[in-house]
Amino acid sequence: DAKTTQPNSMESNEEEPVHLPCNHSTISGTDYIHWYRQLPSQGPEYVIHGLTSNVNNRMASLAIAEDRKSSTLILHRATLRDAAVYYCIHLRPGGGNKLTFGTGTQLKVEL
Amino acid sequence: DAGVTQSPTHLIKTRGQQVTLRCSPKSGHDTVSWYQQALGQGPQFIFQYYEEEERQRGNFPDRFSGHQFPNYSSELNVNALLLGDSALYLCASSLGTRNTGELFFGEGSRLTVL
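Going line by line, the protein sequences match chains A and B. The numbering of the first sequence is the working numbering, which starts it at 454 and goes up by one. The numbering of the second sequence is the working numbering, which starts it at 4 and goes up by one.
What the hints contain is simulated information worked out from the structure, not anything from laboratory work. Some clues are possibly wrong.
Simulated pairs of lysine to any residue, SDA-like, Cα-Cα distance not exceeding 25 Å [to be verified]:
#1 A:K456 with B:Q40
#2 A:K456 with B:E105
#3 A:K456 with B:P64
#4 A:K456 with B:Q44
#5 B:K16 with A:P493
#6 B:K29 with A:S494
#7 A:K522 with B:G104
#8 A:K456 with B:Q47
#9 B:K16 with A:Q495
#10 B:K29 with A:G548
#11 B:K29 with A:L492
#12 B:K29 with A:G503
#13 B:K29 with A:M512
#14 A:K561 with B:L91
#15 A:K456 with B:G61
#16 A:K456 with B:Q59
#17 A:K522 with A:N461
#18 B:K29 with A:H502
#19 A:K522 with B:Q47
#20 B:K16 with B:L85
#21 A:K561 with B:Q44
#22 A:K456 with A:S523
#23 A:K456 with B:F63
#24 A:K456 with B:L91
Please build the complete structure, drawing on both the sequences and the hints.
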C-alpha cells in the first residue's frame, strides 16, 4: 500500500496560517494526493485533492512539489474548529476509492 | 440531504459474541465501504460493497463479513469477537467505484469488547 509520512503533531495560534507537510516519496505519476481531516468524535471529512497543480477550495489550499514527492496543506486562517487529525493519502488509479490512512497529524489550535 | 448514518452509536459485547452494525449511505450514493479505527490510529479499510457484492477487501479475517441491500444500505457483521476488535467502525459512501477519492463518512459505531 502507498505510504505517506506526516509529523505526529503541530500547533498553531488562531487566525494564523498553518502549513501541514506530507512526504509521499513512493508516489507514482498517476496517483492523486488527497487530504482528509477528522474532528473529535466524528468520521473523517474530505478536504481537498490534487494531481500536479496547486489547488484551492473554500476549506484550504494544496501545494504540490514539482517532483510530487511532497505536498503541503495550507489553512489560511486557523480557527479553533480546525483542530483535528489531518491525513494525507495518495490514491492509485483503479483503486476503487480504497483509502489507506496513516496516523496523520494532530493539529492543535490555541487562542 | 441526509448524510451517512450509522447505528448503533455505541455498544458493548463480550468475547465470543457476534455483532451487527448498520449503515445508510448518503442520498444518491450506491457504494459503501467499511473501516475499522483503533484508538490513536488511522482508519483501516475492511471491505467495500457495490451492487450488493463485495468488491474489495482489506486484510481482515473471515470473521468480518458484510452485506448490501437493494436500497444500498449495508451491514457489517463480526463473529467470535476478540478483545482486539474493540474500535470505532466507520462507514463511508460514494457514488460508484470510480476513483474519485471523495468519500463521505458517518460518525461511526464504537464497539467495546469485554
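Against the structure, the hints come out as follows:
For the hint linking K456 of chain A to Q40 of chain B, the alpha-carbon distance of about 17 Å falls within 25 Å, and the restraint holds. For the proposed pair K456 of chain A and E105 of chain B, the alpha carbon gap of about 19 Å is at most 25 Å, so the pair holds. Note on K456 of chain A and P64 of chain B: the hinted pairing holds, with a Cα-Cα distance of about 23 Å set against a maximum of 25 Å. Between K456 of chain A and Q44 of chain B the alpha-carbon distance is near 15 Å, which keeps this suggested pair within the 25 Å criterion.
Restraint check for K16 of chain B and P493 of chain A: satisfied, since their Cα atoms lie roughly 24 Å apart, inside the 25 Å limit. Distance restraint check for K29 of chain B and S494 of chain A: the Cα-Cα separation of roughly 19 Å lies within the 25 Å cut-off, and the hinted pair is therefore satisfied. Our distance criterion of 25 Å between C-alpha atoms is met by K522 of chain A and G104 of chain B, whose separation comes to about 19 Å. Proximity of K456 of chain A to Q47 of chain B is assessed by CA-CA distance (about 13 Å); at most 25 Å being required, the pair is judged to hold.
Distance hint between K16 of chain B and Q495 of chain A is fulfilled; the C-alpha atoms sit about 22 Å from each other, no more than 25 Å. About 21 Å separates the Cα atoms of K29 of chain B and G548 of chain A, which keeps this hinted pair within 25 Å; it holds. The hinted pair formed by K29 of chain B and L492 of chain A meets the criterion: a straight-line CA distance of about 19 Å does not exceed 25 Å. Only pairs whose Cα atoms come within 25 Å are accepted, and K29 of chain B paired with G503 of chain A is accepted, the gap being roughly 24 Å.
The suggested pairing of K29 of chain B with M512 of chain A holds, with an alpha-carbon distance near 21 Å, which does not exceed 25 Å. With a CA separation close to 22 Å, the supplied pair K561 of chain A and L91 of chain B stays within the 25 Å bound. Of the supplied pair hints, the one linking K456 of chain A and G61 of chain B holds, its CA atoms being roughly 16 Å apart against a limit of 25 Å. Of the pairs offered as hints, the one joining K456 of chain A and Q59 of chain B holds, with about 19 Å between alpha carbons and a cut-off of 25 Å not exceeded.
Pair hint K522 of chain A plus N461 of chain A holds up; C-alpha atoms about 19 Å apart against a cutoff of 25 Å. Of the pairs offered as hints, the one joining K29 of chain B and H502 of chain A holds, with about 21 Å between alpha carbons and a cut-off of 25 Å not exceeded. Taken as a hint, the K522 of chain A and Q47 of chain B pair is honoured in the structure, with Cα atoms around 23 Å apart against an allowance of 25 Å. Simply put, K16 of chain B and L85 of chain B have alpha-carbon atoms about 10 Å apart, close enough for the 25 Å limit, and the pair holds.
Distance restraint check for K561 of chain A and Q44 of chain B: the Cα-Cα separation of roughly 17 Å lies within the 25 Å cut-off, and the hinted pair is therefore satisfied. Restraint check for K456 of chain A and S523 of chain A: satisfied, since their Cα atoms lie roughly 12 Å apart, inside the 25 Å limit. A hinted pair counts as satisfied when its Cα atoms are at most 25 Å apart, and K456 of chain A with F63 of chain B qualifies at roughly 19 Å. With a C-alpha separation of about 22 Å, the suggested pairing of K456 of chain A with L91 of chain B holds against the 25 Å cut-off.
Of the numbered hints stated above, none is contradicted by the structure.
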